[in-house]
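Residue numbers (the numbering used here), protein chains in the order written: chain L, 3 to 356; chain W, 22 to 336; chain U, 1368 to 1687.
Honestly, the hints are just simulated from the structure, not real lab data.
On a predicted model such as this, the values are computed, not experimentally measured, just so you know.
Be aware that one or more of the hints could be misleading.
Said to hold, decoys possible - Residues from chain U shown here face chain W by an in silico Cβ test under 10 Å; the list is partial: (1) 1382; (2) 1411; (3) 1425; (4) 1427; (5) 1453; (6) 1460; (7) 1461; (8) 1465; (9) 1478; (10) 1485; (11) 1486; (12) 1529; (13) 1635; (14) 1638.
Unchecked claim - Simulated crosslink set (DSSO-like; lysine-lysine; CA at most 30 Å straight-line): (15) 73(W) - 44(L); (16) 1379(U) - 165(W); (17) 44(L) - 165(W); (18) 1634(U) - 224(L); (19) 293(L) - 1634(U); (20) 153(L) - 1613(U); (21) 318(L) - 60(L); (22) 1379(U) - 225(W); (23) 1535(U) - 225(W); (24) 293(L) - 1379(U); (25) 228(L) - 1634(U); (26) 158(L) - 1403(U); (27) 1562(U) - 318(L).
Backbone N, C-alpha and C define an ideal beta-carbon position, used for all residues, glycine too.
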Amino acid sequence: MGNGASNDAGNGASKTMRGADVGEEKQKFLEVRDLSVRYETKEETVYAVNGVSFSLEKGRTLGLVGETGAGKTTIARAILGILPSPPAVVGGGEILLGGDDILGASEREMHDIRGNRVTMIFQDPMTALNPVMTIGRQIEEVIESHERVSKDEARKRAEEMLEMVGILAERYSEYPHQFSGGMKQRVVIAIALACNPDLLLADEPTTALDVTIQAQVLDLMKTLHKKQNTSTILITHDLGVVSEMCDEVAIVYAGEIVEMGSLEDIFERPAHPYMLGLLGAIPAIDGDEEKLSPIPGMTPDPTSLPPGCKFHPRCKYAAEACKSEPVGMKEIAPGHFCRCLNLAAPNLAAREAE
Amino acid sequence: MPEKPEKIGGAAPRERAESAAALYEGAYGALEETPKQKSQFLEILKRMSYSKVNVICLAIVLFFGLVAVLAPLIAPYGYADMVAQPFLRPSAAHLFGTDNLGRDVLSRVMHGAKYSIGLGLAATGVSLAFGMFLGAIAGYYGGKVDDLLMRFCDIIQSIPGLLLNMALCVAFGTGVANTIFALGVGGIAASARLMRSSFLNLRKAEFVDAARSISCSDARIISRHIIPNAFAPVLVQTTMNIGAVIMTAAGLNFLGLGVQAPRPEWGALLSGGRDFIRKAPWLCIFPGCCILVLVLSLNLVGDGLRDAMDPKLKK
Amino acid sequence: MESSLVEASGLKKHFRTKKGIVHAVDGVSFGIRPGKTMGIVGESGCGKSTLGRVLVHLESNTDGAMRFGGRDVTALGKRQLREFRQNAQMIFQDPYSSLNPRYTVEETIAEPLFLSRRYSRAELRQRTTELMGCVGMAQRLRASYPHELDGGRRQRVGIARALAYDPKFIVCDEPVSALDVSIQAQILNLLQDLKKEKNLTYMFITHDLSVVRYISDDIGVMYLGQLVETSPSKELFKAPCHPYTKALLSAIPHIGVRRRAERAVLKGEITSPIDPKPGCRFASRCPHALGECQRRSLALEEAAPGHFVSCIRAKELNGL
């Protein structure tokens, strides 16, 4: 009962969104519709993603923001077709890449899609590289396995990729352990972009790095993005990184998108109590708050999610209805969606805060 | 997803009541829900029980253990009693037949369980006790002590296992106590290494630093903070080691070293039956099968334990 | 100026490794006034955690002196150390590894009390109950094991353990960096409340500049084992003097739509703290470095009242 209805609502939302986009005649090539993924073990079932719908236009950057266990990485893994199964079970939904549903694609088809059309940058650069292969060879390998090119051609391309991410081509035959963390992440980015993918999934690409190195890597990603016009999904928990990198933002909580819109919508007119809470919980770098206002409680146990709005146990605006009724996505302004029954209250609070 | 709403519905009333109260619980907004209280031992058993193989193997091990303990009570005859004609085939009266002296093979195998399992446990105990002690010292203090002890282990481990056991048996003579010692020494190095690597990892753990910062003594840190956490891999190793020791003991006895006749250790039974293997194969088949089944079960239980205790392997 | 509760002068900690001597902490001097919070910021590998560990005697120092409440605590005998630790405690970074997985919440919190041998069994229980209340933990979690708790609650247990001796001074080593944003705020508020309530003095080690700004009265910026700038918190963010501090501040991604135009992105990465060369350690990455920077040895100099910088061009670059 509860979830079915909220899924429908999610679907409806993505339909409206599509409608709006067609009007603007933009090329939209990734669409995720009503995606549900759960992890089933003998002991318990983790409901990781519960009816997530969003779409992405060519050349845009979407930020998926959420806390640990919100289901962000699962969404990315589902798009790339690398969900560990078992225990992962896709409960339903569609992932359309350029109009083809890739959620049901065979392993063979996915192999062509991965690397060629969709690639991923993983969180930890330390473990993403093969320690016994030179970094140049690792880039070459990706190029060779996806494109018919001669060895010399592959090597030339690999060297170009290295220079593009700001590593001297002389370091071609060095091994990963000879690189520092930030440099390794550059190599990982070079590998991910080697085949000119249409879609780049970046899963917390700078979380393991220091601030100054993070700034370097973010700058690099921005430059490359401008050059290659790759559509990007950036997964992160850091609202600062999102503000810097993204055009659109989706806030993920307990496996659902609770708010979605343009960067301006989300940061200047936040509507969902969770997003408002997050903004209040972060000490601002230029603010002088005496006291933070944390969100009480903690993220719900994904094996037994609360009924109704998943955020209601922590929400100070929760009404009786929030505790039982499923909550659908509503378009509160053009292109700005929010999953909340009690929209009046938080908006009021936001205005008060300003 | 038809099953999901039910699940949510089921958990709802408690959750809701809890959270409403908890929201205003304290000045710091701690939202509490009661975690499931479970003993870790039961938790491990529960996880092991998901695999039928584990359950069966555990049952087999327990069965053998029980037989070994109760052998004097439940065995039909004593192990040295000549109770019937020699070389009787297995029958209702003598399930496993009789041997060349007319002794009941079933009774001998049952009493033999006591010796075989006893040897396995005792020898493993010896290697564990010494190994853990040495490994703990090497791992906790490090430096020169560590180097010295590890070189000692290198020396022990560079001698082929069976050769070392035989040499020790020959040097100390036969008999139960000496066999235990001979078998135990070989395992010291392996358990010392295992313990040392656990200690090295745990010594760096923050909770050990935390213990130091509240002025815990070294002895207390080792006994209360490190050993209980280093125990899981040791337990797995122990289970597997018992199987290996039973095999080695059988091998030694088969070669005529180790526990001596008329004590019916399984290896000795095999050795005794060897001469009559064409005429009376049951003399070897039954003890041989017992060794096979018990050792296999122990190894599988060890594997199951490792999986059950390692949260990372949890599927 | 008020006298300091904790004072370090020329503190050094060197580790001998196969590659050479690691100068993890290399001549650090500062003072923390009672009831104040000193924040130490820096990137990974700058020695900030080592500094904290040296201060609570989890590591011995190689050189320099430490004073606590006016008394010299650089070298302590066993009994003095025990006494010192009643006053100086530590909250650890990783709430997942800082609690013994085989101890219940109650056992963890009660252990320091038990070790002090001052309490009867009933008093132990009573005191544990109080401490759990202090850190906002429900009593029904007494018998829980750490693996049953989330990160925020584990960190509360760690805090309760540190409070058990009723210390005056607590070193907080990245206590919130392993936590999610919403939980992080809960813990930061708890630390602030406890400070007021119990008149605690903190040294707060972190890599997160927004957190350090929120919680600290004074801030020290560390780079490769040395303090390059110390200043009252507000002043540091308003008028940073050291080129490294400036780069650090401008590297933080800003939350919100306003995007800043220029940013001083640092070139290169933190160099190795193994056998460092004399002169300014930041010189190789510094956009304003002169040949002289590599040669002249540096010390913290007062650039403004209470604001110390270790840069030979500080005055010139900041128009002071």
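Which earlier hints can't be squared with this structure? 1, 2, 4, 10, 11, 13, 14, 17, 19, 20, 21, 24 and 26
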